[in-house]
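Novice: Each chain is listed here by its residues.
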Amino acid sequence: MKRRRRLGRGVAIVGVGMSRFGMFRDRDSKDLFAEAFHNMMATVDKGADPNDIDALYVGNFSSDFFIHQAHWGPIVSDLLGHVPKPATRTEGACASSALALREGIFAIASGFYDMVLVGGVEEMSKRSTEEVAEGLALATVPYEGKAAFTFPGVFGAVATAYFAKHGASREDLFNVTIKSHSNAALNPRAQFGATLRSIMDAKRASLRKRGLPVPQWEDEREFLRDPAANPSVAWPMHLFDCCPISDGASCTLLVGEELAKNFSDTPLYVAGMGQGSGSGLHATDDLTTFRATKHAAEEAYGMAGLTPGDVQFAEVHDCFSIAELVHMEDLGFFGPGEAYKAVADGLTRLDGPKPINTSGGLKCKGHPVGATGVAQLVEVWEQLRGEAGDRQLPIKDLRIGAAHNLGGTGGTCTFTILERR
Amino acid sequence: MESQRRFNDISFAEFLKERKLMGSRCTSCGELFVPPRPLCVKCAGTAMEWVELKGTGRLKAFTCISIGPSFMREEGFTREHPYCTGVVRLDEGPGMVGRIEGVDASDPAGILIGMPMQALYLDRGTGDEMVTYLAFTSAG
Chain A
1 MKRRRRLGRG
11 VAIVGVGMSR
21 FGMFRDRDSK
31 DLFAEAFHNM
41 MATVDKGADP
51 NDIDALYVGN
61 FSSDFFIHQA
71 HWGPIVSDLL
81 GHVPKPATRT
91 EGACASSALA
101 LREGIFAIAS
111 GFYDMVLVGG
121 VEEMSKRSTE
131 EVAEGLALAT
141 VPYEGKAAFT
151 FPGVFGAVAT
161 AYFAKHGASR
171 EDLFNVTIKS
181 HSNAALNPRA
191 QFGATLRSIM
201 DAKRASLRKR
211 GLPVPQWEDE
221 REFLRDPAAN
231 PSVAWPMHLF
241 DCCPISDGAS
251 CTLLVGEELA
261 KNFSDTPLYV
271 AGMGQGSGSG
281 LHATDDLTTF
291 RATKHAAEEA
301 YGMAGLTPGD
311 VQFAEVHDCF
321 SIAELVHMED
331 LGFFGPGEAY
341 KAVADGLTRL
351 DGPKPINTSG
361 GLKCKGHPVG
371 ATGVAQLVEV
381 WEQLRGEAGD
391 RQLPIKDLRI
401 GAAHNLGGTG
411 GTCTFTILER
421 R
Chain B
1 MESQRRFNDI
11 SFAEFLKERK
21 LMGSRCTSCG
31 ELFVPPRPLC
41 VKCAGTAMEW
51 VELKGTGRLK
61 AFTCISIGPS
71 FMREEGFTRE
81 HPYCTGVVRL
91 DEGPGMVGRI
101 EGVDASDPAG
111 ILIGMPMQAL
121 YLDRGTGDEM
131 VTYLAFTSAG
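These protein sequences, in sequence, are chains A and B.
All residue numbers for the first sequence refer to my numbering, where the first residue is 1 and numbers rise by one.
All residue numbers for the second sequence refer to my numbering, where the first residue is 1 and numbers rise by one.
Be careful, since some hints might not be right.
[Said to hold, decoys possible] Straight-line alpha carbon distances no greater than 20 Å define the calculated DMTMM-like cross-link-like pairs of lysine to aspartate or glutamate that follow:
#, chain 1, residue 1, chain 2, residue 2
1, A, LYS354, A, ASP286
2, B, LYS42, A, ASP286
3, B, LYS42, A, ASP285
4, B, LYS20, B, GLU52
[To be verified] Here are the simulated distance ranges between beta carbons:
#, chain 1, residue 1, chain 2, residue 2, range
5, A, ASP351, B, ALA47, 32 to 38 Å
6, A, ALA42, B, GLU74, 47 to 53 Å
7, A, LYS165, B, ARG6, 34 to 40 Å
8, A, LYS341, B, VAL41, 51 to 57 Å
[Unchecked claim] Where chain B lies over chain A, by a calculated footprint (3+ residues, C-beta under 8 Å):
#, region
9, 132–144
10, 148–154
11, 231–238
12, 276–284
In short, the hints are calculated from the structure, not lab data.
All C-beta atoms, glycine included, are put in the ideal place defined by N, C-alpha and C.
Looking at chain B on its own, in the form it has when it is part of the complex (with noise of 0.2 Å):
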């Protein structure tokens, strides 16, 4: 079945519904890329194959945020419960954005550049509504 899916953000997000954290690899240069490229940004190439990623990696960036978007306020998140989001270099190589839990985003000063990390699934809205949300956790 994943032969068949477009490489694009549609199944990007079909699999994190299936716990699956995917990227495509160029097969002509083997560059891999996540999430997936129809296109080959280094050598041009346009055959890609399905890649699945084992979802570790290292914290590569962060922030704490207090005012968010109103999908995370409607989750509880305030001035007075910040988040925390950020930048994680899988251990593949590539780089990704997510949510960032298991860290107490009101103390900053906790959360160190360099952490391991472990990618997290994380459903908002139910039925035919969900969608599933790439996010990382501290793996430490």
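Bound-form chain A, shown alone (with noise of 0.2 Å):
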């Protein structure tokens, strides 16, 4: 019974904004969303009152884990002011604010609400970075907890499985890494906004300082492959392969389509929208590919009436390097065994003909967990406007950007086409 989805009534964005992504020891939670709205309100071209905001929903993982509090729908209302109104939260594991997303859209779409905020919000870095590793494997499946997998150790997996059967190498990694660091560098909302070249400087200035050693890498590649610079943490992923440790949160403001104008100059459209689910490392036949990003993707395009080639641009869930290399081939950008290559080709370039994650990426930009979905907008939204400053990108008639987000082991997997009309 399949048929072509569709919204009930049109939604657009009017606003989206994020806090700082970094790890803080002076800030918390409630404190990072009020950044968040406050820069999304600033992003409103004609303003909104938040009074008439009708609704919230927010995704947030894992903060039962992090910072022992769960139940953050109501935390976040009653730090707005919106206290009677409804505010729900929705974990999607890294996906839980694309989860928010959805939710939002639908009750919009659906004519019950008018406005509704939307957002999500995640702080990870009071816990040490194997407590970190230990409360993200809480979104593994079962068997794979027991099996001491752990979220970079999956991703390994799944590298391993790449590599044997399209015969690349980590070699090939490195040039995600050195990509994303250099639109990084390009983006002042990154936790890590530096390329690698200036984080070698930067590593031997200190090592030189301290009187050690200073290693003379030839280039970025060396750098990478020198175990004392980028060690392994769950072969073949080393740390370069890895997003960071991140606290931050994220915030959007949607509207039924006919009120946009209202409030944006240049809104931007919800065009297509698709989640998938997927099963656990051990019930996939074929881990270099993604079931849930699949079925994301088909429900996305099939909605929006558009193919991978009329994406100009997107933001794809790299919290590893090989995820963002498989997810582009799922998402249909490239063809199976073919991401790696396009890659090395500057294919996915800012001056590339297909851009992928001109923010940096998770790994650069920072991953809140839950804030990460709706944080992709960020980037989307920033690109479609025209207000990416140094990484706007050289494309003419920039009109559809998109945004993958994944969560768990590729246990929940969402994929969100906006358009700018």
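Since each chain sits alone in its own frame, please combine them into the complex, following the hints.
Specialist: Okay, here's the thing in structure tokens:
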């Protein structure tokens, strides 16, 4: 019983914002969400009255574990002064706020509400690296936890399967990392907004200052090959293949499409959206493809009446370098086994025909997991509105951008296509 | 006794304690599931029977983890002393995840996709607290 998905009423985005992403000792989730909210309100061209917000949807993966606090819907509602309006928390691991976005879209599309606030938040850095790895591993399937898989480990296994199937190697992943850093260097919001070259220079300066031997890496690749500079986390995933531990929040304002121009000169419209689910590693025949992503993409393209070639640029969930490759293939941007070659050929760079993760991606922008899905929209918003500054895409008539968000070991994936009309 | 156990993760774990790798087979369509499933996801059948697997298979994917969960750190696995875990395709068809023993996790280049594997049962804890984990060891 397949039919083309559609919304009962069009939905527009009239503002998007995010807090700074980073590891903050002196900042908490409420503080971060408030910053994201202020940042978002400043992007509403004609202004909006917060009193008109009908309901809130907040994505949050596991504050229960990270800061021992659950139930973030009403906490955010109280923070922003919206009590007693309805506030709902959504959980889909690292795709938690993409699920909040979907709930918000459905709420408006149904006609029940006219304006909803959607956001996400995660506060991870108060825990040690080992504890964060353990907390994230809550979103693996039970058998993976017992087999002592961590998240980097899951994607390490995906990488070995991809290498064996397609003849790629660790060297091919370097191209993803180098590109992410070069984009992030142009993004003032990035947690690691520096090229690999400048990171190398900083490391050398720090070693020199401490009177330690200073390595002479010839180029970025030699730096990435150096186990002292780039140690293994879950082979073949090394430090520079992995997104950082981050605190942060994100926020967006949705309205019924016919109301959009009351708030924004250049609103974005939801052209397509999809969500899929997936099984664990043990029940997956081919580990180099994510069924949840394929299903989400099929739904979204079908709803939008678009093909992968129509998407001019995208944010793709790159929690680990290998994830960017396999998902670009699952989203149809490149054929199976072609993504690593495309990255090597520069096709996904800012000046390439299919720019991917122009923000620097999760790898460099940061990945406060519950906030990521909505934070990806910040980049799509800025690019489509021509507000991306030094990393503004040189594509003429930029009109269609998309965001892909993954949760768990591929258990939840979403794909959202936005359009500027 | 086997016929009375429910097709769930509790039974699966109990069997591991008995050194048995058990799955469920749909009596309608014959599809085999490891770990056991109570519902057939192929034909929607609800009648299952227990099947014991040989425990042999081949390595499908793996990783060598330097930063592991606390129970692995307690076993002495550290950044300097990583462990290997992976996905194995069992000879009967289904896949399963488990720690990979009998390989050098600090030399991943020596671990090869397609290597033959044999099930291994690892006990953790003692007395009532004891849990048995499925692992695999290089059978070559």
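Novice: Next, verify each hint and record whether it holds.
Specialist: Results of checking the hints against the structure:
1. A:LYS354 with A:ASP286: violated (26 Å)
2. B:LYS42 with A:ASP286: holds (18 Å)
3. B:LYS42 with A:ASP285: holds (14 Å)
4. B:LYS20 with B:GLU52: Cα-Cα ~7 Å, so holds.
5. A:ASP351 with B:ALA47: 32 to 38 Å: The hint (32 to 38 Å, Cβ to Cβ) is violated, given that A:ASP351 and B:ALA47 are roughly 60 Å apart.
6. A:ALA42 with B:GLU74: 47 to 53 Å: holds (49 Å)
7. A:LYS165 with B:ARG6: 34 to 40 Å: At 37 Å between Cβs, range holds.
8. A:LYS341 with B:VAL41: 51 to 57 Å: At roughly 35 Å between Cβ atoms, B:VAL41 and A:LYS341 fall outside 51 to 57 Å, so the hint is violated.
9. 132–144: holds (count 6)
10. 148–154: holds (count 6)
11. 231–238: holds (count 7)
12. 276–284: Holds: 5 residues of the region 276–284 of chain A have a Cβ under 8 Å from chain B.
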